[in-house]
Amino acid sequence: MLGTVLVAASLSAIPANAATGAGTIAPYGGYVQDISIVEDRLTAEDDHLTVAVDFCLVPGSAARRGVEDIWLDTATPIADYEGPYDRFMFYTGMTVGDATGKNTFRVEMQAAPLETEVPLSQAMISLYPISGPATSKGGCGTVELPVQIPPYYWEDRSLTKSFTGSDAFGNRFTDKVTLGRGGLDTLDAAEPQLRPDLLWDGSVEWYSITPEGPAESVSLTLDIPGQCSDVEWMGSSAGEGTEDWRTGRVSCAQGVVRARLDGGLAGNERFTVDARDTSGLTPGESVAGRTTVNLDGEYHRLSETVELAEATASFERPWAPVAHGDLCPVSFSDIRPGGAFFGPIQWLGCEGISAGQSNGAFGVNRQITRGELAAFLMRAYGEKHLDPITARQERRWLPPKTSPFTDMTPRSAHYAAATWLRSMGIAGYADGTFKPSQPVSRVEAAQFIYLADHAGEDWNAPSRSPFADIPATYSRFEAISYLYATGATRGYTDGTFRPSRDITRGEMAKFVETVFND
Numbered sequence: 036m037l038g039t040v041l042v043a044a045s046l047s048a049i050p051a052n053a054a055t056g057a058g059t060i061a062p063y064g065g066y067v068q069d070i071s072i073v074e075d076r077l078t079a080e081d082d083h084l085t086v087a088v089d090f091c092l093v094p095g096s097a098a099r100r101g102v103e104d105i106w107l108d109t110a111t112p113i114a115d116y117e118g119p120y121d122r123f124m125f126y127t128g129m130t131v132g133d134a135t136g137k138n139t140f141r142v143e144m145q146a147a148p149l150e151t152e153v154p155l156s157q158a159m160i161s162l163y164p165i166s167g168p169a170t171s172k173g174g175c176g177t178v179e180l181p182v183q184i185p186p187y188y189w190e191d192r193s194l195t196k197s198f199t200g201s202d203a204f205g206n207r208f209t210d211k212v213t214l215g216r217g218g219l220d221t222l223d224a225a226e227p228q229l230r231p232d233l234l235w236d237g238s239v240e241w242y243s244i245t246p247e248g249p250a251e252s253v254s255l256t257l258d259i260p261g262q263c264s265d266v267e268w269m270g271s272s273a274g275e276g277t278e279d280w281r282t283g284r285v286s287c288a289q290g291v292v293r294a295r296l297d298g299g300l301a302g303n304e305r306f307t308v309d310a311r312d313t314s315g316l317t318p319g320e321s322v323a324g325r326t327t328v329n330l331d332g333e334y335h336r337l338s339e340t341v342e343l344a345e346a347t348a349s350f351e352r353p354w355a356p357v358a359h360g361d362l363c364p365v366s367f368s369d370i371r372p373g374g375a376f377f378g379p380i381q382w383l384g385c386e387g388i389s390a391g392q393s394n395g396a397f398g399v400n401r402q403i404t405r406g407e408l409a410a411f412l413m414r415a416y417g418e419k420h421l422d423p424i425t426a427r428q429e430r431r432w433l434p435p436k437t438s439p440f441t442d443m444t445p446r447s448a449h450y451a452a453a454t455w456l457r458s459m460g461i462a463g464y465a466d467g468t469f470k471p472s473q474p475v476s477r478v479e480a481a482q483f484i485y486l487a488d489h490a491g492e493d494w495n496a497p498s499r500s501p502f503a504d505i506p507a508t509y510s511r512f513e514a515i516s517y518l519y520a521t522g523a524t525r526g527y528t529d530g531t532f533r534p535s536r537d538i539t540r541g542e543m544a545k546f547v548e549t550v551f552n553d
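Position in the sequence shown (first residue = 1) + 35 = the numbering used here.
Just so you know, not all the hints are guaranteed correct.
Here are the in silico distance ranges between beta carbons for each label pair [unchecked claim]:
#: 1; residue 1: Gly95; residue 2: Arg525; range: 15 to 21 Å
#: 2; residue 1: Gly373; residue 2: Lys436; range: 45 to 51 Å
#: 3; residue 1: Glu226; residue 2: Trp280; range: 20 to 26 Å
#: 4; residue 1: Glu333; residue 2: Thr135; range: 21 to 27 Å
#: 5; residue 1: Arg446; residue 2: Ala520; range: 37 to 43 Å
#: 6; residue 1: Asp537; residue 2: Arg446; range: 24 to 30 Å
#: 7; residue 1: Arg99; residue 2: Ala507; range: 26 to 32 Å
#: 8; residue 1: Ala134; residue 2: Ser338; range: 28 to 34 Å
#: 9; residue 1: Trp354; residue 2: Pro439; range: 46 to 52 Å
#: 10; residue 1: Thr340; residue 2: His489; range: 44 to 50 Å
#: 11; residue 1: Gly319; residue 2: Ala224; range: 35 to 41 Å
Hints listed in this document are in silico derivations from the structure and should not be mistaken for laboratory results. Note that CB positions come from ideal geometry on N, CA and C, so glycine has one too.
Input sequences plus hints: build the corresponding full structure.
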């Protein structure tokens with residue numbers, strides 16, 4: 036179990052009163068001002084601390100987009116997990132009200148559970164206003180989240196670790212935390228221990244540990260909050276890590292785990308019994324466990340309490356705009372704030388989806404090619420379409436070593452992106468080519484984006500078409516109506532969609548950004 040955490044320094048932040056003006060933007064509807072550790076709750080019994088995310092929301096309807104993709108690189112949020120989760124990551128969320136009772140926020144997160152091979156240092160959260168003035172008037176506030184930092188620290192000396200966070204624009208916030216002494220190596224040999232470990236899903240792993248031997252008769256009871264039907268795992272061991280390692284006899288009845296070690300304890304040995312109670316905690320709830328240890332007729336009784344902390348929010352500071360250059364250093368020579376596609380193009384650059392052209396321009400009015408569009412979509416949606424094994428091992432698409440296209444080799448510029456599209460059912464042309472340099476029509480763009488964003492989710496196309504030149508029986512109507520529903524396009528002033536018209540890079544930026552953030 037981790038020891039005491041001390042905050043060594045405040046985290047660096049974007050100035051709340053940074054210069055504003057023509058360069059001011061509000062990507063996503065807001066931005067992160069700071070990520071900091073505000074409460075030390077880390078003790079030998081309770082391995083929590085609290086992380087605060089200071090954020091601002093832009094005034095207007097865009098505020099509902101919230102602040103997305105905030106990475107806590109050394110801490111994983113704990114919540115009352117609603118699921119679902121796949122084999123490697125938890126996807127969950129909670130609703131948090133602010134102190135005034137006027138606003139509520141949805142905190143959504145992706146976090147790794149303890150039992151997986153995904154690094155525990157990876158957790159991503161997003162904040163969305165769902166009711167109150169924050170949804171339209173904008174402003175700044177703070178959400179405080181309970182977190183747990185890995186790994187468990189068992190040494191008898193203190194350790195300093197970096198705590199880092201980042202936002203969607205590449206800004207990093209850093210601090211250092213000092214983990215104090217803790218764990219089995221620092222226990223008094225003559226004293227027992229009862230330790231609750233809170234897991235990411237609200238389960239509690241209870242450990243009861245005897246004093247050191249020698250002892251001829253060894254038994255203990257562990258009274259957990261849940262029932263025996265809630266016990267997912269129970270076990271015991273003595274002499275762990277030595278040639279004399281052995282297990283005891285463990286059973287559960289009426290919510291009480293009972294264990295006995297035959298043969299007793301040798302000198303310097305401890306008997307450890309653990310049981311995982313999956314009855315589950317909800318935020319703000321605390322439960323107590325009790326244990327009774329019997330060594331040669333000498334009884335030791337202990338009780339401990341564990342609490343799943345609640346998230347809190349405040350939202351009462353005025354909107355503090357910042358210049359887009361302070362949020363994201365990416366800029367292109369052919370776009371300016373206020374331009375038709377400035378926001379979407381800036382978003383593509385900040386997200387690393389497009390670096391523009393070699394001359395420093397984005398090429399806003401140039402027709403986009405099939406290869407370029409494939410690269411855009413793979414960078415935006417690549418991990419969404421990976422199978423769990425590939426995602427765990429590589430976190431990227433692994434293109435085939437033999438090209439499925441007659442006009443591309445594995446060394447071609449957009450080969451990885453083209454084969455990624457093919458894996459989703461966009462197989463190229465009947466002659467076996469992909470034609471990476473060919474311009475993309477509006478209907479092709481709609482189909483590509485629809486397949487990337489939709490990913491098998493339920494979507495029912497309307498019975499009537501919103502466009503004069505696209506009947507509901509049109510072969511790609513499902514994809515076109517999907518773009519219309521997300522707000523990515525309203526077509527032309529004459530009510531047409533013009534499916535055969537080639538699309539520009541600026542128009543494509545608007546399509547991708549709007550659909551992705553819908």
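_Status of the given 46 to 52 Å range, CB of Pro439 versus CB of Trp354_ = 51 Å, holds
*Confirm or reject the claim that Gly373 and Lys436 have a C-beta distance inside 45 to 51 Å.*
This hint holds: roughly 47 Å between Cβ atoms.
_Hint check for Arg446 and Asp537 - Cβ pair distance inside 24 to 30 Å_ = 27 Å, holds
*In this structure, is the beta-carbon distance linking Glu226 and Trp280 contained in 20 to 26 Å?*
23 Å, holds
*CB of Ala134 to CB of Ser338, is that within 28 to 34 Å?*
The hinted range 28 to 34 Å holds for Ala134 and Ser338, with Cβ atoms some 33 Å apart.
*Note whether the CB distance of Arg99 and Ala507 lies within 26 to 32 Å or breaks it.*
Hint holds: Cβ distance 30 Å, inside 26 to 32 Å.
_Status of the given 44 to 50 Å range, CB of His489 versus CB of Thr340_ = The hinted range 44 to 50 Å holds for Thr340 and His489, with Cβ atoms some 47 Å apart.
*Is 37 to 43 Å right for how far apart the beta carbons of Arg446 and Ala520 are?*
39 Å, holds
*Could you say whether the range 21 to 27 Å given as a hint is met by the Cβ separation of Glu333 and Thr135?*
55 Å, violated
*Kindly confirm whether 15 to 21 Å is satisfied by the beta carbon distance between Gly95 and Arg525.*
Given a distance of about 19 Å, which is inside 15 to 21 Å, the answer is holds.
_Range agreement (Cβ of Ala224 with Cβ of Gly319, hint 35 to 41 Å)_ = 37 Å Cβ-Cβ, so the 35 to 41 Å window holds.
Hint 4 from the earlier list is the only one contradicted by this structure; the remaining hints agree with it.
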